[in-house]
Amino acid sequence: MIRNLLLGFSVLALADTAEADWALNMPKGVTELSLETYNLHMMVFWWCVAIGVAVFTVMIISLFRHRKSKGAQAATFSHSTTAEVIWTTIPVVILVLMAVPTAETMVRMEDSRNPDMTIVVTAHQWKWHYKYQDSNIEYYSSLARSSVEARRKGTDIDPYSVENYLLDVDNPVVVPSGAKIRLLFTSNDVIHAWWVKDLSIKKDAIPGIVNEAWFKTEQVGTYRGQCAELCGKDHGYMPIVVEVVEPEAYQAWVNSHDAGH
Amino acid sequence: MTRGIKKMTTEVMDAHDMHDDHSPAKGIKRWLFSTSHKDIGTMYLVLSLIMFFVGGAMAMIIRSELAIPGLQFVHPEFFNQMTTMHALIMVFGAVMPAFVGLANWMIPLMIGAPDMALPRMNNWSFWILPVAFGLLASTLFMPGGAPAGGWTMYPPLVLQTGDAFPFLIFSVHLLGLSSIMGAINIIVTVINMRAPDMSLLKMPMFVWTWLITAYLLIAVMPVFAGAVTMLLTDQFFGTSFFLAAGGGDPVMFQHIFWFFGHPEVYIMILPAFGVVSEIIPTFSRKPLFGHDSMVYAASCIAFLSFIVWAHHMFTVGMPLTSQLFFMFATMLIAVPTGVKIFNWVATMWRGSMTFETPMLFSLAFVFLFTIGGFSGLMLAIAPADIQYQDTYFVVAHFHYTLVPGSVFAIMAGTYYWLPKWTGHMYNETLGKVHFWTSTFFVNLTFFPMHFLGLAGMPRRIPDYSTQFADFNTMASVGAIGFGVSQLLFVWVLLTSKKGTKVTAEVWDKPPGLEWTVPSPAPYHTFETPPKLSDADGFH
Amino acid sequence: MPEKNAHRSLVGQLLILTVAMFGFGFLLVPLYDVFCEITGFGGRTNPEAAVVAEAPDLTREVRIEFVTTVNSYAQFEFAANADSMTVSPGKMYYATFTAKNLAGEHKIAQAVPSVAPSGAAEHFTKIECFCFTSQEFAASEERAMPLQFIVNPELPDYIDTITLQYTFFDTAPVAAVLEN
Ligand SMILES: [Cu+2]
Ligand SMILES: [Cu+2]
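Chains as they are written, first to last, in our numbering: chain Z, -13 to 247; chain E, 165 to 703; chain R, 657 to 836.
Next comes chain Z alone, as it looks inside the complex (with noise of 0.2 Å):
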């Protein structure tokens, strides 16, 4: 038992210096607050092993001189108001270590002022609906045909032998890199939720509310994401794809989609 948390707690730790692509911590994303998220995260857990070391060590040390089998005598203290206020208020001080840089990136997280573009994404059971508000790009993203077929029950379709089984789509999010995109979720049925882990969004889609996010960043790249709401049978199967591009490839995008309709 204590070699298996030992065990994960050095992976965990190994993770975060090694950055293997074997993925095992949350990844740091592509965005300020999606940095700042992770920050979060590993000083959380630092503060959770430091704790975690303090009162395991105190333990086994007792599980191992404090046995019968050692002959030990037992004490017969059974309280002590020091120790029981101390080990009251270190907590308090550390929760609120915690909680100062929380609070602050949560206020950053709500400043959605100056949004460059918005993007309304609408759910269904099981795809995804996107419209560009500032022009007349918008179409349904669902799961990709090569998935499609590689799904189903006793198929023969080596799912790795599928590129990004489950993560890839018909028509992925395009947007511009450098530029602050707000997303408005909302949803045709029942809930779900908008996932991508390196945008560190996620916003529930919720049939008659809009709910509000917002990411930038600089880094091109595809993103992936999933539904993560339990939304019915095919929840597993309505991921997302963001692609951000650089501004000229993407103003040739929406020339594109304009062309083709």
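Please keep in mind that the hints were generated in silico from the structure rather than gathered at the bench. Since the structure is predicted, the reported quantities are computational estimates derived from the model, not experimental observations. Each hint should be verified, as a subset may be incorrect.
What the hints assert, rightly or not - To give an idea of the interface, some chain Z residues facing chain E are shown, with a C-beta separation under 10 Å as derived from the structure:
hint	residue
1	K56
2	A61
3	T62
4	V93
5	Y116
6	V134
7	R137
8	L152
9	S163
10	G164
11	A165
12	S173
13	A179
14	P225
The C-beta atom is built at its ideal place from N, Cα and C for all residues, glycine as well.
Keeping the supplied structure of chain Z fixed, place chains E and R with the ligands upon it in accordance with the hints.
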């Protein structure tokens, strides 16, 4: 010396009682109409064990499907039915009845009462359960299948349930009714039937934590019943409490549900705190450290549990101030929980420890529940929670608190009190083997889930991207191993009467009145209230 | 027997508590509504006409964006006549929406409003809105529907854009469709 004589007299009196018309009825009638807290306690525990295996079998189906990427065994609809039913059965069928069973058996013995205060209600509250689970299980064979919208029953999804829907609601009503009746019984017993010189603060921790739990049950079970009733009327009677189209709000259900749901998690853990608070002192040969602060900490946790519910909802879109409030309140729970853990460690410190099976399970509880507590603290941090929410990180978190948490405590309590129930010592070697295999496999199952969640695997999905394969395989192997280990538990229980006979005390001077009655505990105990001075652990 | 009486009175009290908590569950519905309207929880705005005195703060500009969603079970077209407008807090504004019944029969529709970010909801007050009541449409009827609103000057500084979304539901089929 005096204690020996007192014990003999109770023994003689009980032996005498056995011969009059208060002795148990024969055959099935004994169980159907039983009003004895011991028989009813046994029935609760047996039911809980059966449900543990039913829910466990569903977990095996889930883990088999998830062992490798691709869909091998079940369709997604059925997978969702399995996750939903697994949760409902484990929460309401395995964990809660097990603690009620332990309460039935032990609370009267621990407070020196002859039985529960309301024996007939006790019988009803038990027999409602098999009916409720019969109803729930029957939904598996209905058109549209069993409920598949998750145990959290969020609308509008839950309203898409097929014919099973009214049965789901009705069985939840019955489960709630049973819990409330059990809770009322426990409160009345504890408040009115304690041995004359047992003041409230002298009560053993198990009794204390159950008293608090019983109040929590009465406070939140009716709210839960109300919430599911509203689902029912939304579906069949044209109301729109939760339907956006009719002016309702689907998010409101989540608020009401978690107003019940968060206290519910403490309903499943406070009695576990009580059990290990009984066991650790016995095997440390030292009184429980900070008994009174343990009571205050448990009360504090119970109070806080009412004002933190929206930490399950950081992604629904709450104003900043609400998010901050729920985050701070949730973080605060770490303080009283920490007090409990520190107190257990302080109880062991400079004790004279031995490591019988109940102690091993309790120690694993302290270690592994603490891990679950840490991930709970991480989940309280709202921005990080946005990344954790609805992923395997959450699955890992609550399974750490429920399996090596609640379930290990139930097993610890079972091993601890089993000789008192049967009069024989169970097979200690097999008990230890059961402990080590369970502990190894529980970690193999649930620890990798932390990584899966952090790496981005959502929960409640029947198939996943290939990058998640290794840890899923590991978890599935662990789950099968954990399942098989529990067969050993059943074997130990079934053969427990073959062991050597035990004394009334069973262990080395354990504290508490339950050890002053003979083993096995006779059908009638404490017909005349005992004196606290008869037992160890009161001073 | 004194013990029996003690049991009875305690059971009585606990039963009262149980019933009270069951009632409290239902009481949470109106409480939640009140709470939402006060705090803007869940993007909730006022469900009835409000009377607000104008106190324009012309130094500040807030962008109002209108988002319209037609539930896929509703055979309607529904859109804002202008996608957005710029307003000053404390001043009254009008906006118009147009809805068209695409079905060849009489329909009753309900527009459900929601505001994002959720911190803005309590500061967005509707004076007059087609969403206060359900709307009847004759077959193929097309109609303009007015909204009159005011943004409270206490709107927090970190908000410069308010999204007002309406989801347009056909009130009849939703319940029926959900059963499928
Ligand atoms: Cu979904
Ligand atoms: Cu909670």
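Verification of the supplied hints:
For K56(Z), the interface hint holds, the least distance from its beta-carbon to any beta-carbon of chain E being 9 Å, beneath 10 Å. Nearest Cβ of chain E to the Cβ of A61(Z): about 4 Å, under the 10 Å cut. The hint holds. Taking 10 Å as the C-beta cut-off, the interface hint given for T62(Z) holds, the closest approach to chain E being about 7 Å. Given hint, V93(Z) at the interface with chain E, holds; its Cβ is 7 Å from that chain's nearest Cβ, closer than 10 Å.
With 10 Å as the threshold, the beta carbon of Y116(Z) stays out of range of chain E, its nearest partner Cβ sitting at about 19 Å, so the hint is violated. With its C-beta approaching chain E no nearer than about 12 Å, V134(Z) sits outside the 10 Å limit, and its interface hint is violated. For R137(Z), the shortest C-beta to C-beta distance to chain E is roughly 6 Å, which falls under 10 Å, so the interface hint holds. Here the hint on L152(Z) is kept, as its CB sits about 5 Å from the closest CB of chain E, short of 10 Å.
For S163(Z), the suggested interface contact is broken, since its CB lies about 22 Å from the closest CB of chain E, more than 10 Å. Because the smallest distance between the Cβ of G164(Z) and any Cβ of chain E comes to about 23 Å, over 10 Å, the interface hint for this residue is violated. For A165(Z), the interface hint is violated, since its Cβ never comes within 10 Å of a Cβ in chain E; the closest pair sits about 22 Å apart. At a threshold of 10 Å, the smallest CB-CB gap from S173(Z) to chain E is about 9 Å, leaving the interface hint in force.
Taking 10 Å as the C-beta contact cut-off toward chain E, the hint placing A179(Z) at the interface holds, the least distance being around 6 Å. Given hint, P225(Z) at the interface with chain E, holds; its Cβ is 9 Å from that chain's nearest Cβ, closer than 10 Å.
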